[in-house]
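**Q** So the sequence lines, in the order shown, correspond to chains C and U. First residue of the first sequence: 1, per this note's numbering; consecutive thereafter. First residue of the second sequence: 1, per this note's numbering; consecutive thereafter.
If you are wondering where the hints come from, they were derived from the structure by calculation, not from laboratory data. A hint or two may mislead.
As the list claims (entries may be wrong) - In silico lysine-lysine, DSSO-like type, Cα no more than 30 Å apart, as pairs:
no., chain 1, residue 1, chain 2, residue 2
1, C, 111, U, 242
2, U, 172, C, 111
3, U, 120, U, 163
4, U, 221, C, 127
5, C, 127, U, 71
6, C, 263, U, 120
Stated by the list, open to error - Just so you have them, the derived chain C footprint on chain U, three or more residues with Cβ under 8 Å:
no., segment
7, 49–59
8, 68–79
9, 232–239
10, 359–371
Stated by the list, open to error - Part of the chain U face toward chain C, derived, beta carbon under 7 Å:
no., residue
11, 200
12, 259
13, 345
14, 346
15, 347
What you are looking at is a predicted structure, and each value in this text was computed from that prediction instead of being measured. The beta-carbon is built from N, C-alpha and C at its ideal position, and this holds for glycine as well.
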Amino acid sequence: MDILNEISLFLQTSVQMGTHILFAIVGGIICEKVGNMNLGIEGMMLMGAAVGFQVACATANPFLAVLSAGLAGLVGALIYAFITVTLRGNQVVTGLVLTIFGTGVAGFIGKSVSGNTVPAEVVDAFKPYDIPVLCDIPIIGKALFSQSGYVQAAIVVAILAYLYIKKTKFGLNMRAVGENPAAADASGINVTLYKYVHVLAGGFLCGVGGAYLSTVFLTTWQDNVTAGAGWIAVALVIFSTWNPLKAIFAAYLFGMLKGLNFKMQGWGFSVPSQILEMLPYIATIVVLVFITLRKKRENQPPQALGDPYFREER
Amino acid sequence: MKKKLLAAIMAAAMLLTGCSGNTSSGSSAASDADSTADNAASVKAGFVYIGKIDDGGYTQAHDQGRLAIEKMGVETAYVEDVAETVSDTCEAIRTLIDEGCNLIYTNSFGFMEGTVEMAKEYPDVKFAHCSGYQRSDNLSTYFGKVYQARYLAGIVAGMKTEKNYIGYVAAKGIPEVIRGINAFTLGVQSVNPDAKVEVVFTDTWYDPSVEKQAALELLNKGVDVIAQHQDTTAPQVAAQEKGAYCIGYNFPTADAAPDAYLTAACFNWATFYTDDCQRALDGTWTSRAYWEGLAANMTYLDDLTSLCAEGTQEKVDAARDSIIDGSFDPFTGPLYDQNGELKVEEGVRMTDDEIWNMNWFVQGVVGSIPA
Chain C
1 MDILNEISLF LQTSVQMGTH ILFAIVGGII CEKVGNMNLG IEGMMLMGAA
51 VGFQVACATA NPFLAVLSAG LAGLVGALIY AFITVTLRGN QVVTGLVLTI
101 FGTGVAGFIG KSVSGNTVPA EVVDAFKPYD IPVLCDIPII GKALFSQSGY
151 VQAAIVVAIL AYLYIKKTKF GLNMRAVGEN PAAADASGIN VTLYKYVHVL
201 AGGFLCGVGG AYLSTVFLTT WQDNVTAGAG WIAVALVIFS TWNPLKAIFA
251 AYLFGMLKGL NFKMQGWGFS VPSQILEMLP YIATIVVLVF ITLRKKRENQ
301 PPQALGDPYF REER
Chain U
1 MKKKLLAAIM AAAMLLTGCS GNTSSGSSAA SDADSTADNA ASVKAGFVYI
51 GKIDDGGYTQ AHDQGRLAIE KMGVETAYVE DVAETVSDTC EAIRTLIDEG
101 CNLIYTNSFG FMEGTVEMAK EYPDVKFAHC SGYQRSDNLS TYFGKVYQAR
151 YLAGIVAGMK TEKNYIGYVA AKGIPEVIRG INAFTLGVQS VNPDAKVEVV
201 FTDTWYDPSV EKQAALELLN KGVDVIAQHQ DTTAPQVAAQ EKGAYCIGYN
251 FPTADAAPDA YLTAACFNWA TFYTDDCQRA LDGTWTSRAY WEGLAANMTY
301 LDDLTSLCAE GTQEKVDAAR DSIIDGSFDP FTGPLYDQNG ELKVEEGVRM
351 TDDEIWNMNW FVQGVVGSIP A
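Assemble the whole structure, with the sequences as input and the hints as a guide.
**A** What follows is the structure, encoded as structure tokens:
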């Protein structure tokens, strides 16, 4: 019983540590599925974290905080979309610049609230709560049913994103744009509109993910609060082979990593943190090798990923 | 293809410039025309900071020292967010010297090599490096004996804990951290011999979510007080969330976790900076190894909150008085290591050098020092 309780508390923490990454991975998947490689995830997360925190402090309204965090991410994505879709600029460079830009903007916005704490109303709104009966399920009960609503929302968002991409007409169109924009264009899909909508939606989710860290998990503003989570998300988009359901697994797996190291310290041995930091990227390389060798169609990256689309250029 | 390559190079260039620190100059506000005014114009102090001046932790604590010397009428400048590499350290120092600084403070251990190099290159500029051990004619070292404040914090925690089980979130397995853990544990045991202190190392000074995760791991194991050697308040937030209590570090942070905060082991960097600047103004500046604690008001324990157990204040005051008057030091024998082996004989006091290089845990600490 004690062991079960320990595992269940461990998983509860791991899920919390994976939540912002999950939002970011799903955001990244939605963006890449329309053929846009966005390396600006870290920047959009930080912008969301800073703006969400500011609004939470100013209005004490949890809904507005989340909404504005998403909008902050969306604004970042809008800059990216304008450059890569309308101006057809290089996606890699634009994404990198967005990360640098977002980090600076977030530091600037956060400066005035440094050391402040989120108002009690917001803390209460996002407090973990127990769902009766379900939260007593051994092992996974606490991880899923004794959590903040924000944490559960991440899972719901991932599932909805999966259904949207795989089961709806819009999802089909979006995938067509990512695979072969010329063909999609020829069949009457508005490529530019699809790219814009999904890049912006992805940015929205990244912003919401960042705000989870600042307003829910830490409740105080700390500079550079994501500490590289955005880059892990970029890698995990590939690790989850562009599938939001696998993203749930990927995010929580990596939420677990550091915690596992702490557990092992308790058992008397420790793994150098450098190795742990390498793991997401090593795992991603392994997955890349694997999917390239297996050539299973549903695991492949969108074919037109990274390419700007010129209608006249055939 | 060529276009892409060019773009990638440009991005790399942007990354590089984006990483270098931002300089800011603070101008002296004081205008009192006392006798030092002329001298004050001849001293300009430059600070190289590891973090941002509003990081709510280590660098912010240092910056309060900088503001204190501005009040003396000394002009200052700083570079924040400097990476701990030789080239970045040197670049930051050169920037400050170009701005006219002739007294340079570098506030992190990792700046040591760069500071030493620059001290050689600019023999007329005075340097002081925080927490290091290399000195020369124009290079001092300085640090605070925060372990003394941690001993007092240990008393607070030992009085408060009901489960006799205390958690400690630590950054890295280096002597600075180890001596803090040991002093804290000795403080705990001075009032509560049965209590254990379990340590978890995060291997980072600054990563809020990882620090919180480490604290949650300890809290899930059942500790009811959390202490920390980390630069953010995340462990304190974790303690509050789980209904436990916490002890801060660097400077008072009661706002971060008002329902959990007991006290904090703090630095008062202004003590050193004002003293050092005064020496420069007086023309009596010489290279030295500055390492002071409670007695010099270089380190202190924050005021106890009402959450502390009854009778804590008296015990803390008694210990503080005996440390300040020199009749007692936390590292006085008998001291045993984790295996119960006698490391320091009864009545023997460890020397500053031994304390500075401490690399073993005292009895009562649970956990091991990472390789």
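**Q** Which hint numbers does the structure go against, in order from smallest to largest?
**A** Numbers 3, 5, 6, 8, 12, 13, 14 and 15 - these are the hints that the structure violates, sorted from lowest upward.
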